[in-house]
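J.: Given these sequences and hints, build the entire structure.
2 protein chains.
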Amino acid sequence: MPRYAEMSKAELEAELAEVRARYGEMAARGLKLNMARGKPSAAQLELSLPMLDVLDSEADLAAEDGTDCRNYGVLDGIPEAKRLMAALLDDEPENVIVLGNASLTAMYDAMVRYLVFGALGSTPWGRLPEVKWLCPVPGYDRHFSICEDLGIEMIPVPLCEDGPDMEEVERLVVADDAIKGIWCVPKYSNPSGITYSDETVRRLAAMECAADDFRIFWDNAYAVHHFSGDPAEQDIVLDIAEACREAGNPDRYLKFGSTSKITFPGAGVAALAASPANIAEIKRHLGVQAIGHDKLNQLRHARFLEEGARLPEHMAAHGALMGPKFELVEKKLAEELAEAGIATWTNPRGGYFVSFEGPAGTARRIVELAKNAGVTMTGAGATWPYGDDPADSNIRIAPSLPPLEELDAAMDVFTCCVKLAALEQLVEE
Amino acid sequence: MPRYAEMSKAELEAELAEVRARYGEMAARGLKLNMARGKPSAAQLELSLPMLDVLDSEADLAAEDGTDCRNYGVLDGIPEAKRLMAALLDDEPENVIVLGNASLTAMYDAMVRYLVFGALGSTPWGRLPEVKWLCPVPGYDRHFSICEDLGIEMIPVPLCEDGPDMEEVERLVVADDAIKGIWCVPKYSNPSGITYSDETVRRLAAMECAADDFRIFWDNAYAVHHFSGDPAEQDIVLDIAEACREAGNPDRYLKFGSTSKITFPGAGVAALAASPANIAEIKRHLGVQAIGHDKLNQLRHARFLEEGARLPEHMAAHGALMGPKFELVEKKLAEELAEAGIATWTNPRGGYFVSFEGPAGTARRIVELAKNAGVTMTGAGATWPYGDDPADSNIRIAPSLPPLEELDAAMDVFTCCVKLAALEQLVEE
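Order-wise, the sequence lines are chains A and B. Mapping the first sequence onto our numbering, position 98 (from 1) lands on 98, and the numbers just tick up by one. Mapping the second sequence onto our numbering, position 198 (from 1) lands on 1198, and the numbers just tick up by one.
Just so you know, these hints were derived from the structure itself, not from any lab. A portion of the hints provided could be inaccurate.
[As the list claims (entries may be wrong)] Quick partial rundown of chain B residues pointing at chain A, CB under 10 Å, derived from the structure: (1) Gly1038; (2) Leu1049; (3) Pro1050; (4) Tyr1072; (5) Asn1095; (6) Leu1115; (7) Gly1151; (8) Pro1265; (9) Ala1267; (10) Ala1290; (11) Ala1317.
Where is the CB? At the ideal position from N, CA and C, for every residue including glycine.
T.: Shown next as structure tokens:
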């Protein structure tokens, strides 16, 4: 089969008829498959079931420092949980605050604190005429929702193979003191799966910002989520904390992470790590918002994951379930779409997503076609601020939830929809 | 012994010498006792230990509607947890949002939302020149901290036997549209232990407020926390939701509650209940801040407490542990202080606290003396906004944590300190 771009009108029409017929057959099957969200599969959740046996009515419910985890107290987390989360956040336990069940909430609350209180003495952002935020695209829709909800203007910047387009970022932040920060998913980025290079990390840490209180929201959601046992060399991310200290901007970053995709999403433990000055400022307000977070769940996690020592083994088991799904996605996309030359996609070594680029102007149509054939994708546009992908070309593929056989069927539908949308466009032109 | 007020200078000096000697003996014992916070005792925590066996690796981890409680989702709570928290909040499950581990966080976040977004279309409170809040006194220090942290000006109003002084409240709210709300602990109030009368509830619901978006923060922290099996008739609080609806102010209230003092503080489940319009508004922002809360903990609680059916039995067991402590406090205060005529105190039928009024100008001294003798009390002033008790007379007694024998010793110290401070003042005058 030649590339679609090289086909004659008649060939395109014949291909369209064939693909449309195939689509009709698929749609008639009454499938109900979901590749919309980065949800772990049932098999992944089962890996953490033994954690539910760690604490029972006979267990020792005291933390190592004697804290009764059944009662009030301990704002920043029990020592063993701080060590666990420090391992995950690549930081020291004293720089960590263990929080509730979700890093999303930690990020939302951190942004709200800056709006209400400012950062280390700066004007509360909510009192400024405008606040802007850099959003590497494609990016994570829930990050963008936080900005939108809180009235922060989003500025998209391209995400490259090794992180955000740093020339563009540097150009923007030096010129406009209303730009207060940037979203970063430094490892296996959502959705493209790329990992930031050391140079990117250093430039983010060192760049000259018009806003003195510029903040990098470093969402290390997939810090240990590689498909193979050990991460590739290029997937070991330079520590943003160290880079910021070295660059003389020690308070520029906040690191976020959680065990959501390690144990149980929604019933895990989240945390942040930051500079001593930022930690002190956060604790001052957090101590009014909360007496302490769920220490029994902290204890459960710290013991089950052996304060981080068991993470490599545990994540290898996740990887063994995830890897084959990403291989299948890659295989299906290559088999069905490579020859036609109508799309590109990423092939990550970890994380939860593949970023797919179809022909301009087809993403919404592809997602609509898939939905009508029983396959739910992440909404087109979701990977852009305000849901507005100007090229209407990017789609996030989330292969984690369905079992392999369902994923196989879902990818057949998806690739068929891509072809159909592309052909519809080519024939109409 | 006559009342101190009737003693001669010589008699007072003799009494002072005697009390001072007794104080010295007590201080020499090296006690380390704590009546500072409303923490449940170890014996109370043990009542909920079986809850840790409810969910293990063999358990069915699906909610009744099939939701896998191990995975993402369900913003407002699984159905069985909504029923449990509706029972606690005296409301319908559809008006309930099940939240994280603490009603304190729920209240802080609700206040922040009003600052950032306003209430049902009103101007965001954070953009107003000033926001004021009514604070019945004596009251709960963590409520006051929320206002102070967020820059909301607190106006104290007297708390009477049947709730806030409603004439004062009505006079204030009708005259000043900067007054946006009031803290209420309607049952076994913190610290006085009083319960609001039906008339108080109706007047709060119906009063004319200059601010259209006036909100009652209804912290029903001790809804089921009576010492005897059944609450007294006067401890059955009129439903604020019903009263607000009847008065034509259906959106005026937000109810808050948690299982902190039912199961495990910090590892419990919190919730709010509100009108449909308020629930919709809260969900709109909460859905950005969180994907969902800890459903495994919701499931654990719903099953252990049988969606509320087991609450009466479970709270009776708490009451059987708490009742004798409050009896002991009452007995010690009466025995040691009644004759001297230097103090008054409350004698609640539920909750966690006794409110103690010593001679004006002695509260700080009493707390200092107690601390130096090894007994930590809640800080003097804590029951007033900004920690400023203008009479310096009110002290919160929190008898829940120490076992009976320790409480006995602590109350001996406390009553001795009260006498000593009173005598120091009388002799100096």
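J.: Is the shortest C-beta separation between Tyr1072 (chain B) and chain A less than 10 Å?
T.: At about 4 Å, which falls below the 10 Å cut-off, the nearest Cβ of chain A leaves the hint on Tyr1072 (chain B) intact, so it holds.
J.: Double-check Pro1265 (chain B) for me: the hint is only fine if its C-beta lies closer than 10 Å to a C-beta in chain A.
T.: 4 Å, holds
J.: Would the hint on Gly1151 (chain B) stand, with a C-beta cut-off of 10 Å toward chain A?
T.: 8 Å, holds
J.: Does Leu1049 (chain B) pass the interface hint, meaning its C-beta sits closer than 10 Å to a C-beta of chain A?
T.: For Leu1049 (chain B), the interface hint holds, since the closest Cβ of chain A sits about 4 Å away, which is under 10 Å.
J.: Quick check on the hint: Ala1317 (chain B) CB to chain A CB, less than 10 Å?
T.: 15 Å, violated
J.: When the nearest CB of chain A is found for Pro1050 (chain B), is that gap smaller than 10 Å?
T.: With a closest approach of 6 Å, the Pro1050 (chain B) hint holds.
J.: Does Asn1095 (chain B) hold up as a contact with chain A if the rule is Cβ-Cβ below 10 Å?
T.: 22 Å, violated
J.: Any CB of chain A closer than 10 Å to the CB of Gly1038 (chain B)?
T.: 8 Å, holds
J.: Any CB of chain A closer than 10 Å to the CB of Ala1290 (chain B)?
T.: 5 Å, holds
J.: Can Ala1267 (chain B) be said to touch chain A, with a Cβ gap under 10 Å?
T.: Holds, about 4 Å.
J.: Against chain A, is Leu1115 (chain B) within 10 Å by beta-carbon distance?
T.: 6 Å, holds
In the structure shown, a violation is registered for the earlier hints numbered 5 and 11, in ascending order.
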